[in-house]
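Participant: With chain A fixed as given, assemble chain B onto it according to the hints.
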Amino acid sequence: MMIPPGRYPVPERGLDFDLCEGLAVSRDPVCYLVTGDNGFGKTTFLEKVVIAALQKEGRPFLYLGQDIRTQLYTLRALLSVRGTAVSGVDDTRLIEMWITQGGPADVFLLDEYDKYLADFGRLFQHCDAFMRTYFIVSHLDPAHIRPDPGKFRLRRLHFELKNLDGAVKNIRIRQEDPWPR
Amino acid sequence: MAVSDIKELLDAYDGQYLILDYNHLFVSGSLREEVWLLRRADEPALVSEILEAARAFGIREASAEKGFDTYSGGQQAILGCLLAMALIRAGGRSGVRLLLSNVMDSISGKNRRRLRSLFADMAASHGLRLFIPRDGGLRELELP
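Line by line, the protein sequences give chains A and B. According to the working numbering, the first sequence is numbered sequentially starting from 1. According to the working numbering, the second sequence is numbered sequentially starting from 182.
Wrong hints could be hidden among the right ones.
[Stated by the list, open to error] Simulated pairs of lysine to any residue, SDA-like, Cα-Cα distance not exceeding 20 Å:
1) A:K162 <-> B:K188
2) B:K247 <-> A:E12
3) B:K188 <-> A:D90
4) A:K162 <-> B:G239
5) B:K247 <-> A:D90
6) B:K188 <-> B:R315
Quick caveat, the hints were computed from the structure, so don't treat them as lab data.
For reference, chain B alone in the conformation it holds in the complex:
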């Protein structure tokens, strides 16, 4: 484990991996804005899909407009993962390699197991692969 430097991660892995870094999870202020920026369209159905998934993680207070900075750190990490999976599905992409930097270790054991199960579903349906920085390189996470 180490404090990942986002510039170093981008220099090394941009273009090959979708990078989700705990200290830079979002580019905007709310889920609605994030989807709008990343999909270049207002997509309430996609936002609803993410919100419904978030409730299964106990994030009952989640809403399209709620500011990311009002969620706990772990909740933000979960939302970042759910958003990434929803975007991969919506874009019809397959074989995406998702690099998680200091993300999974922000999440409680119960929620981590639930999230890994969703990642495993995505691995089966969309060929998703997960990686974490380790010992100066990357390690692939095995999915159940």
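Looking at chain A on its own, in the form it has when it is part of the complex:
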């Protein structure tokens, strides 16, 4: 599937996105590193545009949000109810167990995962056989979140303020290559 270029207004959040280039979400492995200043709508874009498009297409995905603490409590309870022993399991292992039980998802959205758990290598390795598209929001040094460049096309998705229209922020989303260093 492809999220086409164009305008994506989200008036309830005071944001209007201008996606300059289409976003491929296909079987071809790609990793989008989502960057930009605070309040430019990175999370909103993932939730209101990308996830909405995935749901419309019936495309299975996994999403780890910014407020991971609450989500981890939920995952622990969910796995426990399913009969999986989670007592004493560390957070990274818990996420791996959730991914394994999560079904056939091949799209993974990670919103500031690295501020909690830095071990992207372990995550990429765990998902290597089935994950094809990553959206990774981060404010930290991207060097440590680089997936296998021989396998994944690496693109930076950068959010910048185009202008203000009253209370609405017009945000331009540019794709950049190569991966920032």
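Facilitator: Just chain B now, with coordinates in the frame of chain A:
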């Protein structure tokens, strides 16, 4: 880095550190309410001071009554830091040790540099010290 458990942080550091945890930044719904609860008084001048500082971080939409849940995660982290600094100044406190848990890494590089500069000013004027959880203990952050 790790997902900090607020109960563990409080058990270990409450009473010695002012703790600001990304997943529990505020106790109320808006800046006006937060100041009211923490200062036990309506203090519009203090709220205005925080709002003015927030605008320098590009948070133009900030207002006294705007719900915290309508800001982005990074904006909330910035507001939490600005609030903490304003409260320290208003209370005339010195030597406060501020423990930031998953806060600075929610903030863009540009805003992080701006915030560290404000923290450095507070270190000079009020003896503020910054700490982050690291490797099962705490690490003090050097300020420019």
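Participant: Evaluate each hint against the coordinates.
Facilitator: Taking the hints in turn, this is what the structure says about them:
The hinted pair formed by K162 of chain A and K188 of chain B fails the criterion: a straight-line CA distance of about 42 Å is larger than 20 Å. Simply put, K247 of chain B and E12 of chain A have alpha-carbon atoms about 14 Å apart, close enough for the 20 Å limit, and the pair holds. This hinted pair checks out: K188 of chain B and D90 of chain A have alpha carbons roughly 17 Å apart, not beyond 20 Å. Between K162 of chain A and G239 of chain B the alpha-carbon distance is near 13 Å, which keeps this suggested pair within the 20 Å criterion.
Our distance criterion of 20 Å between C-alpha atoms is broken by K247 of chain B and D90 of chain A, whose separation comes to about 37 Å. At most 20 Å may separate the alpha-carbon atoms for a hinted pair to count; K188 of chain B and R315 of chain B meet this at roughly 16 Å.
Comparing the model with each numbered hint stated earlier shows that hints 1 and 5 do not hold.
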